[in-house]
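Trainee: Use the sequences and the hints to build the structure in full.
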Amino acid sequence: MSEFAARTAGCLSRGAAAVKAQPIILMTGLVMALLLQPAHRLESQSTAEYQVRVDSLRVEWERKRDAFIELARELGPARIDTIRTGPFTVLVDEPLVELMSQAAPIAWDALRAELHSDSMLAAIKPVYFPSGGGSRTTERSEDVFPGPWISETANLDEVVDRVILTVGAELRLMLDEPSRLWLSANPLARVVAERRDWPGAASFRWIYVELATSGSAVGRRCFDGHLPACRSALELEPASDPATEWYDALDRRRLIVRGGVPRGLGTIEEWRSCTEAGDDIACETLFRARLEGSVTHPVSTVAHQALVETALQMGGVGAYGRLVLTEAPTIADWIAAVARAPADSVIEVWYSDVIAARPDPTTLTAATGWGAFVWIIVLAAVATRSTRWRS
Amino acid sequence: MFRVILQSHWNWSKLLLGPGVVAAFALPILSVQQINEPGYADWSPWGTAGLLRDVESWGIWYAALAAGLGLAIATSAWGSDHRGGHVYALSLPVERWRYVLFRYASGAVLLGVPILSFWLGALLAIASIDLPDSLHAYPTELAVRFALASLVAFTVFFAISAGTMRTAGYILAVIGGLLVAQLLLATAGAGVDPLEYVVDRLTSWPGPFEVFTGRWMLIDV
Amino acid sequence: MSNAIETRGLEYRIGRSFEIRDLALNVPEGSIYGFLGPNGAGKTTTIQLLLAMRRARAGSITVLGKRVPQEITAVLSRTGYVPERPHVDPSLKIDEALRFHAAFYRSWDDKEGERLLAQFDLDRSRRIKRLSKGETGKFLMVLALAQRPDLLLLDEPTDGLDPVVRREVMTAVVDYVSQRGATVFISSHLVHEVERMCNWIGVMDKGRLVSEMTTDSFKSGIKRLRVTGAPQSMADPPFVLLSRQPSEGVIEGELWVVRGWQAPMRDYFESAGARLTEVTDLDLEDGFVELLRTSRSRQPLEGR
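Chains as they are written, first to last, in my numbering: chain W, 1 to 391; chain C, 392 to 612; chain A, 613 to 916.
It is possible that some hints are incorrect.
[Claimed, not checked] These stretches of chain C come out as covered by chain A in the derived footprint (C-beta under 8 Å, 3 or more residues): (1) 416 to 423; (2) 479 to 487.
[Claimed, not checked] Derived contacts from chain C toward chain W, CB cut-off under 8 Å, selection only: (3) Ala440; (4) Leu492; (5) Phe493; (6) Ile520; (7) Asp521; (8) Leu522; (9) Ser525; (10) Arg536; (11) Leu542; (12) Thr555; (13) Thr558; (14) Tyr561; (15) Ile562; (16) Leu563; (17) Pro599; (18) Met608.
[Stated by the list, open to error] Cross-link-like lysine-lysine pairs, in silico, PhoX-like; alpha carbons within 25 Å at most: (19) Lys405(C) x Lys741(A); (20) Lys405(C) x Lys705(A); (21) Lys745(A) x Lys705(A).
What the hints contain is simulated information worked out from the structure, not anything from laboratory work. Keep in mind that this is a model prediction, so the values were computed, not measured. Every residue gets a Cβ at the ideal spot worked out from N, C-alpha and C, and that includes glycine.
Mentor: What follows is the structure in structure tokens.
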């Protein structure tokens with residue numbers, strides 16, 4: 001009896017392994033089981049009728065089998081699967097399926113709480129995730145973007161850290177090319193339930209240092225509290241003459257000196273005249289030539305991003321949706337729409353945050369001071385315990 | 392007792408202490424000297440950022456001076472005793488740990504002179520320049536850091552000097568062992584750098600030499 | 613009579629080549645104790661053990677009634693120490709060194725220091741490194757004596773000094789002892805010097821205390837005997853036989869070195885069928901040499 005049970009178990013396990021390796025076997029078997037259900041009614045019919053019935057079932061089975069095979073082929077490699085959450089449709093590699101299945105609803109809830117816009121929700125498109133992580137569009141839908149997408153799974157378990165924790169949303173690029181560059185290649189896209197990814201204070205510290213040591217006159221005036229200068233430094237409107245609006249004569253000369261001998265952007269004589277003789281006109285000429293090639297912006301994109309984040313916080317509920325959907329003629333208008341406040345108000349709040357984020361002096365931190373003090377005490381005690389000086 | 396020990400220590404250290412005091416006073420002043428030079432604002436291509444970089448570049452000299460002073464005062468603390476093999480000190484009717492503390496305290500007192508000199512130099516340096524509004528001066532913080540660094544160096548070398556030759560041998564053996572291990576691992580291509588690890592532990596918090604590393608900024612934002 | 617210095621079962625070792633074993637010193641209070649021994653015997657090491665400059669492996673040390681090293685500070689405050697080599701910072705002037713030393717001793721006597729400086733004709737303003745060997749020796753004695761100690765530990769204090777300086781230094785020590793009744797423990801390999809001033813003698817050789825007795829006992833009892841016809845073994849001699857060897861030269865017989873000899877002991881030889889032909893007194897140095905030779909050849913010895 002026990003031998004029979006063991007053999008049966010062995011057969012079953014071998015069968016299960018075979019089925020697992022070849023799912024089509026199971027599918028075929030199930031289909032057949034389903035199709036063959038009415039077979040018990042054959043008992044009451046004649047042989048001819050049975051034959052017709054069997055032929056009909058066989059044809060039906062072959063048709064469904066072919067349809068299944070076609071479907072599997074259309075789906076691509078067997079390891080890709082589909083997850084649907086609300087209007088979200090996500091194609092995911094098999095290794096990520098389980099994780100993404102749990103993550104998608106959480107991510108969707110977070111996005112929905114943030115966006116508050118039906119049109120935005122309706123714009124969601126499926127995204128394909130290769131097993132190596134990251135994301136890219138499917139081969140069939142090149143223009144999945146613009147639209148929100150899950151960049152990574154949401155936090156599933158507060159107790160066990162599973163890493164990969166943000167829900168992202170790509171910015172809809174409602175702006176023209178220069179405006180996109182204003183915000184830089186890194187989209188302001190990390191919309192997390194707790195805005196976990198926003199660097200926050202660290203960025204404002206960085207901006208403080210940038211303004212305090214600014215190489216542009218407009219940046220320095222902004223640091224001194226001149227808010228129109230901040231507006232100009234943040235380039236909320238295009239500058240009519242960056243060379244003179246942003247920089248003074250000394251700044252221009254510095255930048256020319258720093259840039260070294262020009263290559264095709266002026267003559268050596270002009271350069272020497274600017275750098276050695278301090279000729280402002282020569283410096284300005286060279287500077288304008290340089291500006292045509294590449295603009296030296298008064299502040300970095302970190303400052304721009306911080307301004308957008310300030311606007312988002314001021315804008316409250318639905319601010320992110322306005323961020324993504326608003327079409328505005330200037331960045332100032334865009335910021336104002338997001339914040340539901342004048343751009344100057346946003347700048348004022350931004351400036352306050354920058355000044356408040358002045359970094360702590362690095363000359364002597366409390367940790368360094370106390371650490372050194374403790375070591376002095378410990379090492380002095382060690383000296384008194386030297387074998388020579390121990391009684 | 393302490394007075395005579397201090398007197399003895401002074402005798403042994405005055406030739407080194409003199410230049411140390413001068414250097415401590417001069418360094419902060421030298422570090423900002425160029426700011427007051429005519430045309431600095433004009434020719435410096437980096438503006439305020441460049442000023443901060445110039446100030447930061449002097450940090451290595453502060454750390455080196457602190458270490459050098461610590462070493463000089465520590466070796467001179469035991470100079471007179473080393474000459475006689477410590478026999479005289481061991482024959483004196485004072486608890487040995489107290490004698491060591493007296494020696495240590497005399498060194499700390501003598502170190503106070505260049506530290507004070509440094510602080511005065513830093514104050515004078517700041518008073519002599521015109522800082523942009525966006526920058527701030529930290530002469531006292533810098534002097535405190537200099538004091539702590541000097542005392543850490545002094546204490547380390549003092550402890551080594553107070554030890555026996557055997558102790559010094561152990562320390563040298565450890566350092567030698569690290570170097571040998573470094574060489575062997577590098578030869579074997581193991582990709583492990585024990586020396587770097589040890590140095591990193593010592594020079595980053597909470598290591599003893601962390602006070603020497605980082606930014607020694609007399610002027611900062 | 614109590615002991616100013618007492619050790620029991622003292623053991624110390626340096627590496628594998630030298631060790632002090634089972635050292636039992638007894639230095640009576642008020643005595644001038646001469647600690648004799650050849651170079652490398654362990655005299656300086658013993659003194660350093662007494663001053664807790666080295667740590668014994670086993671045994672006990674008591675100095676001036678205090679345990680060493682547990683109460684060493686109290687011991688040092690009453691002990692004047694003159695080491696084998698100068699131990700004071702040579703860069704100091706005499707004046708500075710005196711002030712440094714005085715700061716540590718409550719018993720320091722400025723006037724006595726002045727007097728001794730004058731007696732030794734030392735100039736206060738001179739640096740120690742500029743002093744001659746003799747002047748340095750005298751200066752170290754000033755340091756030791758001016759602090760008015762109860763115990764003087766002198767480690768070969770006159771080594772390398774000319775006879776005049778030697779006499780000056782030792783006279784000062786004797787004067788001090790006669791005034792204060794202090795105990796002096798002086799180590800030396802100069803037997804005649806020890807013979808002149810010490811009333812107790814301890815002999816050390818290769819880390820062991822070979823003998824310890826009064827100087828008189830040491831000097832008076834050691835004789836060299838010329839014996840003829842003595843049998844190979846002679847039972848129960850009334851004296852301590854230190855050595856016995858054939859006589860060299862044309863004269864027959866054996867030369868015996870004995871301790872504790874008295875004239876009536878002639879009968880011992882006659883009763884054994886031997887003949888005693890000559891009895892010669894040995895001085896301290898000869899006795900010292902014989903004692904060492906005996907101990908190195910592992911002849912039986914006794915203490916006091």
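Trainee: List in ascending order the numbers of the hints, as given earlier, that are violated by the structure.
Mentor: Result: hints 1, 5, 6, 7, 8, 14, 15, 16 break, sorted rising.
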